[in-house]
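Undergrad: Here is how the chains run, residue by residue.
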Amino acid sequence: MTDQAQLLPGTLDLLILRAVSLGPLHGYGILLRIGQISGNALLIEQGALYPGLFRLVRQGLLKASWGTSENNRRAKFYELTAAGRKRLREETVSWNRLADAIAAALAQQPEEA
Amino acid sequence: MRLTESLRLRMAALLGRAEMRAEMDEELRSHMEHRADDLERSGLNRAEAERRARIEFGGREKYKQEIHRAMGGNFIETCVQDARFSLRMLRKSPGFTFAAVVTLALAIGANAVVFGLMDGLILKPLNVPQSESLYGTQYGDNPVWQSYPNYLDLRDRNHSFEELAAFNFDLGIGLDTGKDPVVANGFATSGNYFDVLRVHPYLGRFFHASDEHGPNSAPYIVLTYAYWHSHFQDDRGVVGRTVLLDKHPFTIIGVAPPGFHGTIMFVSPDFFLPIVNQDQMGTGDTFDRSNTSGLFEEFGHLRPGVTPAQAIADIDAVSRDLEKSYPKLISHKNTALDREGLTSFGPAAREFVAGLALLAGLILLAACANLGSLFSARAADRSREVALRLALGSSRKRILRQLLTEAVLISLAGGAFGLLGSEVLLRRLSTWQPISGTPVHIPVTPDAKLYVVALLLALVSAFLFGIVPVRQVLRANPYEIVKAGLSARMGRKLTVRDALLAAQIAICAVLVTSSMVAVRGLERSLHSNFGFDPGNTMLAGVNLAMAGYPADKVPAMQRRMIEAMQSIHGVQSAGLVDGYPPLVYTAGSTENVFKEDSGDLKQSNADLAPYRYDVSPGYFDAAGTKLLAGRSFTWHDDKNAPAVAVVNRDFAAKMFGTVAGAVGRNYKLQDGTRVQVVGVVEDGKYQILTESQKPAMFLPSEMLPVSQAYLVVRSSRDPQELAAAMRKKIRELDASLPVDTQTWRSLLETVLFPSRVATMALGVMGVMGAMLSITGIFGMAAYSVSKRLRELGIRVALGAKRREVLQAALGRPLKLLTFGSAAGLVLGLLATRVLAFIVYQATPRDPLVLAGVVVAMALLGLLATWIPAQRALSVNPMILLREE
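Just so you know, the protein sequences line up as chains A and B, in that order.
In terms of this note's numbering, the first sequence is residues 1 to 113.
In terms of this note's numbering, the second sequence is residues 1001 to 1884.
Read the hints as simulated data drawn from the structure, not as lab findings.
Fair warning: there could be bad hints in the mix.
What the hints assert, rightly or not - With a cut-off of at most 30 Å between alpha-carbon atoms, the simulated DSSO-like pairs for lysine-lysine come out as follows:
#1 B:Lys1179 <-> A:Lys76
#2 B:Lys1179 <-> B:Lys1639
#3 B:Lys1328 <-> B:Lys1639
#4 A:Lys63 <-> B:Lys1062
#5 A:Lys63 <-> B:Lys1179
#6 B:Lys1333 <-> B:Lys1639
#7 B:Lys1064 <-> A:Lys86
#8 A:Lys76 <-> B:Lys1728
Claimed, not checked - Sample of chain A residues at the chain B side, in silico, Cβ under 7 Å:
#9 Gly27
#10 Pro51
#11 Thr68
#12 Asn71
#13 Ala75
#14 Trp95
For each residue, glycine too, the CB sits at the ideal point set by N, CA and C.
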């Protein structure tokens, strides 16, 4: 457990969008999917997912509908809207740019004077 | 689309909150069940799996709140929560809540009443169509009045008004419907009056310009709705009926609409009659240009594009032309224009209301300072609670919001009570008849505007006093407070709270000072020298025109009446004065006089403009006016004798430069008559109490008989008995003659009215100020004692004396009281310069006022600190120390 990384602020929304982009999921499913695609490397408290989900729905990036899960339980399923898909593309590009830049900066060897 | 979606969600958040919450709960539960399913699959039993799932999920309530915030539906809910919490907190300290609500109710109520007055008297226009372009002239010649022919010239020659109408008030007209004659008040109006105002009759018709065909040509009257309602019981058959006005037949042709009560804001006449018929009311010749009291005011709609300034220039130009044509009769000064309805009273009414608004504002400010310091003390008391909440992760914003909610709740409650009180008071005021016998009424109607104002006042004051503890909360360091406890925060330096208390006491002392100055001023004006003695003097208003006496029968009848008065048992002397006696109904007319050797008797050459009174023999004795030199009148000073006059000391000094030597000297009246001075009497007041010393002349009433007069009767008999005897005597002479008997003192009410009202208002404000300073000092002292109870206990245990304990406990509040009162006293004395305009003889240099204020503030301080002091003295160190 201790080798899991804390989430950077604002990155949870991106992860949710990414998880849902692969197909409609309910909340618990999203959590599992994030664990799966990140190799369980990220620490997310389960409840913390929901404010993010509601926020994304409010922003019109996700839409939600009630359905039945694989466990045969009632659950709310989320899927991307067109705007959500567009946002995911943009955010992915800018995240990669940021990550590359930070990685490059950190890879730089200190020059001896 | 996003906007509509977000709106929809917000609406949903508001409307279907319960539904939303259920859905949210279900989703979270579904999540945990799925998790539990997984855990169960990994080998746990169901109960354990569910427990683990709940733990892993984390703080459910916290996330729910966060979801709420993410949904934007949080605000209202937080407010409701805050309100609930505040109510709980307030219920815990009922004393505090009560004091705060009462303070605010008083302050907001006072302001609401003042606003109601301002709205009724000043803000609201006359209740007629297009009143915004309706302007009235305040004609500058003889204070306001002018002659009817002058109006006709202005009407026909000006280019500024679409049409100019005019009116005069004719008070005290005998109205006889065939049963019981009553005295009523009318407006004599130009024929175009109603057409210019664009009002339409409720019943019947109005008279028009086309009804006027010279003197006494239009015997019609229009009743006001109120008079029709109260005196004709809403009888629709009244139109066409003939009534007698001062014995002259008039036909009722219509009833004015309900909201219309003439063209002066605070006067409600009973009926309107054409001004061309005014002479029949015994007012003197309306069509005579020298009769400058024939007409009160003109008004009309300005033509489109004409500014008030242009209209004034126009009227002045016409008037200067008229002055050239009639140099003996007219000396034009200046015209002023104002919104019709307040024209001649505008400045006075505005000043009065502005003064009241200022005082009421001060009250509100003092109340806010008071509550501010109370709130700040409360916040300090609760610093531990606040610190705990901060330490537990509550945001400062949330805590401030909650404190502010408390402030808003209190001020809303205060506002509601204040509004209730003010509404009752305003409704009273609107039916109040401040001056008996005159149609004065105060047109206030509490309406929606008042509620809005009260609400705004409540919110503003909540903000004002709610903001005081903010800095305190923002600065609070939770760790320090929790660690150190409360006592560490008792600072010795001057705090905001101290400053607020001192400011509040200063404001209250200003109010107390001004109310004392006003009360003293009024008291003095009641006992000042009027130039006559209103005590033991009965007046009887008798208008012989009401009983239809022709002018030539008037002098004989008046003499018979005087003799009849003298024959009453216990009457020392009796006389008569034409028109109105001095200081009654602020009536009083001046006339130009000239030195004996003046040749050109133009208005502008006049040497003096003294008040003129036409009095009978015996008047000076009856009025109690002292004769300084010469003689008073006899019955021989009549039309056939050489013209003589009695003048006051001021007249003699100004005209002849000598008082004793004035007797025997001559001067000239406007019409050229040479008058010999036969006596000099003491100076007096003639029109209003605050006037500076004015010259006055008294001429024999026999010279120029007038049918409207007052009998003046001096007697030490009981006023009621005397009045009855006087009425009986007059009935014996002529049973159809209405008589109006009152003591001279009660008739002084009219002139005392402004200062009486001002004094009343100031008195109320002063009492409010005193109450506020009591609650303020009490709050501060009680707080200071309760905070330092432990310290005081230790002092007592170590052997401190009572005096030392008291000094430790109350020294600071008392110091603030002294400082604040001193500042307030000085400010209050400065403010009385303003008061001197309204209240006669309001002088700050009055040792009684100074002493009174000091004593009052000291008493207030004593009263307010009594309970806290008792508490400090009864400290039992053993109990206190054990408690810790």
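Undergrad: Does each hint hold? Answer for all of them.
TA: We went through each hint and held it up to the structure:
1. At most 30 Å may separate the alpha-carbon atoms for a hinted pair to count; B:Lys1179 and A:Lys76 exceed this at roughly 89 Å.
2. Restraint check for B:Lys1179 and B:Lys1639: the C-alpha separation of about 39 Å exceeds 30 Å, so the hint is violated.
3. Taking the CA atoms of B:Lys1328 and B:Lys1639, the gap is about 24 Å. The hint holds against a cut of 30 Å.
4. For the hint linking A:Lys63 to B:Lys1062, the alpha-carbon distance of about 24 Å falls within 30 Å, and the restraint holds.
5. For the hint pairing A:Lys63 with B:Lys1179, the CA-to-CA distance comes to about 87 Å; that exceeds 30 Å, so the pair is violated.
6. Distance check on the hinted pair: B:Lys1333 and B:Lys1639 sit about 34 Å apart at the alpha-carbon level, beyond 30 Å; violated.
7. The suggested pairing of B:Lys1064 with A:Lys86 holds, with an alpha-carbon distance near 29 Å, which does not exceed 30 Å.
8. Of the pairs offered as hints, the one joining A:Lys76 and B:Lys1728 is violated, with about 100 Å between alpha carbons and a cut-off of 30 Å exceeded.
9. Checking A:Gly27 against chain B by beta carbon gives a least distance of about 5 Å; that is within 7 Å, so the hint holds.
10. Hint status for A:Pro51 relative to chain B: holds, with the closest Cβ pair at about 4 Å, below 7 Å.
11. A cut of 7 Å between beta carbons decides the hint on A:Thr68: the least distance to chain B is about 11 Å, and the hint is violated.
12. Taking 7 Å as the C-beta cut-off, the interface hint given for A:Asn71 holds, the closest approach to chain B being about 5 Å.
13. Because the beta carbon of A:Ala75 sits about 5 Å from the nearest beta carbon in chain B, less than 7 Å, this interface hint is met.
14. With a cut of 7 Å, the hint placing A:Trp95 at the interface with chain B is violated, because the nearest CB-to-CB distance is about 22 Å.
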